[in-house]
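K.L.:
Chain residues, written in single-letter form:
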Amino acid sequence: MSERLKEVFKREINGVTRLVAYIMAGDPSPEASLRRLKGLADHGVDILELGVPFSDPMADGVVIQAAAERSLSARMTVKKTLELVREFRRTHQTPLLLMSYLNPLLRYGWDQFVVDAAEVGVDGFILPDLPWREGEGLRTRTKNRVGNKLAFIPMIAQTSREQDVQAVSQVTEGFAYVLSRNGITGGEVEIPANVSQFIESLGNSLQIPRCVGFGIQKPQQVRALANVCDGVVVGSALVKTFAKLDQAGLEEQDLILQEKEVFTWLASLKK
Amino acid sequence: MTKETLHVLSADGYETKGHFGPYGGAYVPETLVPALRELEEAYLQSCQDESFQEEFKELLQRYVGRPSLFYEAKRLAEQLGGARIYLKREDLNHTGAHKINNTLGQVLLAKRMGKKRVIAETGAGQHGVATATACALFALPCVIYMGEEDVHRQNLNVLRMRLLGAEVRTVTHGSCTLKDAINEALRDWVTNVEDTFYCFGTAAGPHPYPTIVRDFQTVIGQETRAQAFNELGKLPDAIIACIGGGSNAIGIFHPFIEDSEVRLIGVEAGGTGNKTGENAATLCLGEPGVLHGAYSYLLQDEDGQIVVTTSVSAGLDYPGVGPEHSNLKETGRAEYVSISDQEALEACSLLCKTEGILPALESAHAVAYAAKLAPRLSKEQVIVVNLSGRGDKDVETLAQYIDGGKNHE
Chain L
1 MSERLKEVFK REINGVTRLV AYIMAGDPSP EASLRRLKGL ADHGVDILEL
51 GVPFSDPMAD GVVIQAAAER SLSARMTVKK TLELVREFRR THQTPLLLMS
101 YLNPLLRYGW DQFVVDAAEV GVDGFILPDL PWREGEGLRT RTKNRVGNKL
151 AFIPMIAQTS REQDVQAVSQ VTEGFAYVLS RNGITGGEVE IPANVSQFIE
201 SLGNSLQIPR CVGFGIQKPQ QVRALANVCD GVVVGSALVK TFAKLDQAGL
251 EEQDLILQEK EVFTWLASLK K
Chain B
272 MTKETLHVLS ADGYETKGHF GPYGGAYVPE TLVPALRELE EAYLQSCQDE
322 SFQEEFKELL QRYVGRPSLF YEAKRLAEQL GGARIYLKRE DLNHTGAHKI
372 NNTLGQVLLA KRMGKKRVIA ETGAGQHGVA TATACALFAL PCVIYMGEED
422 VHRQNLNVLR MRLLGAEVRT VTHGSCTLKD AINEALRDWV TNVEDTFYCF
472 GTAAGPHPYP TIVRDFQTVI GQETRAQAFN ELGKLPDAII ACIGGGSNAI
522 GIFHPFIEDS EVRLIGVEAG GTGNKTGENA ATLCLGEPGV LHGAYSYLLQ
572 DEDGQIVVTT SVSAGLDYPG VGPEHSNLKE TGRAEYVSIS DQEALEACSL
622 LCKTEGILPA LESAHAVAYA AKLAPRLSKE QVIVVNLSGR GDKDVETLAQ
672 YIDGGKNHE
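Residue numbers (our numbering), protein chains in the order written: chain L, 1 to 271; chain B, 272 to 680.
Honestly, the hints are just simulated from the structure, not real lab data. Glycine included, C-beta positions come from ideal geometry on N, C-alpha and C. Be aware that a few hints might be false.
To be verified - Reference excerpt, derived from the structure (chain L facing chain B, CB under 10 Å, subset only):
no., residue
1, F54
2, D56
3, K149
4, I156
5, D164
6, I184
7, E252
All chains should be built: construct the whole structure from the sequences, respecting the hints.
P.N.:
Here it is, written out as structure tokens:
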């Protein structure tokens, strides 16, 4: 797997836990999303998740859905997303995962996609409509093309049963993305109190670190989860905050200043 | 995309389960994986359970009114010339379409699984009405997702669902049609998966839905087979059915798949033209990809985004199709053609005037293709059209065209 991703979990934690941050490529423009990727990396984000827009994001709530619509309106594609990563990699070494529904990637052509993704410096994938048991074929093909350069991040759901967890027990790359609750991304639904218990119940059945996502937006949540996991994912809350800035009609200079405040807010979540 | 991509998508050992050739699978969020497994297990048990099968059969007879009629449309055939035409009258079922066969089966399953709440998506509203009906019968609360555009053009069915006690939630995302209603229903399911049963309306979606829905709809083909033998002493020469997701078509096709002498013809919505966005002819004009949990043909653009579709008939206005149809296309066992909005409307009017039967606009697509095919066949040959639903729900839409037509007369 990518050395960059491996390093993050070896390194000493800066704050209470590691921070994984999500934004959508091309929302609201390729330039703005590149600037934000760099800003997030410069302000202590440990792992970046870059969304690839899709017309029918069935695992996402209204916030990410709206981001995908803005990104598609800006004519974002898989190819342009990879270009964006290439630009980012000229200056930054923060590990970066692409989060994408399958169809745009299949349409690009899977074998070519993984070669190009590895080449521009992508470290792995989070694929919300590829459950682990259906992914074996694509994982094998990926390995055949690019070896261990790209990690597949398995998801563990609240509904997952022993056999589902067992299926990822042999995984030694990346981290497990543990869903804090059933449902879609974002929303005001509170994270259930028993999440910590759930993560602890995974015990030694996984060889990889655990990061928790879905609905995380407050420092208290992060502190509570920090004891039982290796990182937290912030997605919708961040996308929503940037979207508000974009809709405020600010001059570019003001916008950039305001973005810095968002980075600072995000960094404060893990203080 | 190359065909080679298709096969390796599926994991080892999972090939025979839920795949039709390279198509199918269960490409869903991890949260839903255990729910689909639970559904598959419950379904397989119900297949072995005689009391379940008895209850289902009894409902089909005493509540739906099966077997549905196998009616020879003599005046229609006379007018067209050529082959004899039979109509499989699914429009005479309780609630007015084939959809009820599936919803009774699935709601029985929901009850068996101890689920407390049923959700469903609907396009034309027929599946919504059929789900609401089954839920009323079994006293289960029911939520139906329906795209805003469809709420307007099928308002009669919205009212029917409400009368039946269902809550209709209008979907205002995306194209505001069936595909967006499915997205929203999937979002509800992934959120409330522990106590909710998703009653899927067509033979598409993630495994095991394409198999379950097909099996509940196969009664159409089984009856047709028996009725054809009784009435004609032979199998029909061609069977024609309309295809949105493809449940009425797979239901009537399936018992004939081994009979290679019977032509199986699926009719898609040709809309207003062949350009992207002007139709919903997924198998005729699309390419394989993943949407709503299955690998199957899709209408998509060059970047893999799903495109907006057009059809006068809400029930066919869908950019995907069931995976078993994709495989029947691939193997060449079934033929897939398309019929334009205009042709469907004309066929609707033709069937009204020759037979006194008002078909649903969906089913009118199948009638329209029969009207094209019949004159090319001999008098000894027999076409069966699956008349999947009745057209009462379409009267408002039809009125616009009839008024327009009057000016030309």
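K.L.:
For the hint on E252 (chain L), just tell me whether its beta-carbon gets within less than 10 Å of chain B.
P.N.:
Result: violated, 28 Å to nearest chain B Cβ.
K.L.:
Can I184 (chain L) be said to touch chain B, with a Cβ gap under 10 Å?
P.N.:
Holds - the Cβ of I184 (chain L) comes within 10 Å of chain B, reaching about 5 Å at its closest.
K.L.:
Quick one, is the I156 (chain L) hint okay against chain B at 10 Å, beta carbons?
P.N.:
holds, 7 Å
K.L.:
Does D56 (chain L) pass the interface check with chain B, least Cβ-Cβ distance below 10 Å?
P.N.:
holds, 5 Å
K.L.:
Against chain B, run the beta carbon of K149 (chain L) and see if the smallest gap drops under 10 Å.
P.N.:
violated, 19 Å
K.L.:
Under the criterion of a CB-CB separation shorter than 10 Å, is F54 (chain L) in contact with chain B as hinted?
P.N.:
Since chain B brings a Cβ to about 7 Å from F54 (chain L), closer than 10 Å, the hint holds.
K.L.:
Minimum Cβ distance from D164 (chain L) to chain B below 10 Å?
P.N.:
Status holds, d = 6 Å.
In this structure, the hints that do not hold are numbers 3 and 7, in rising order.
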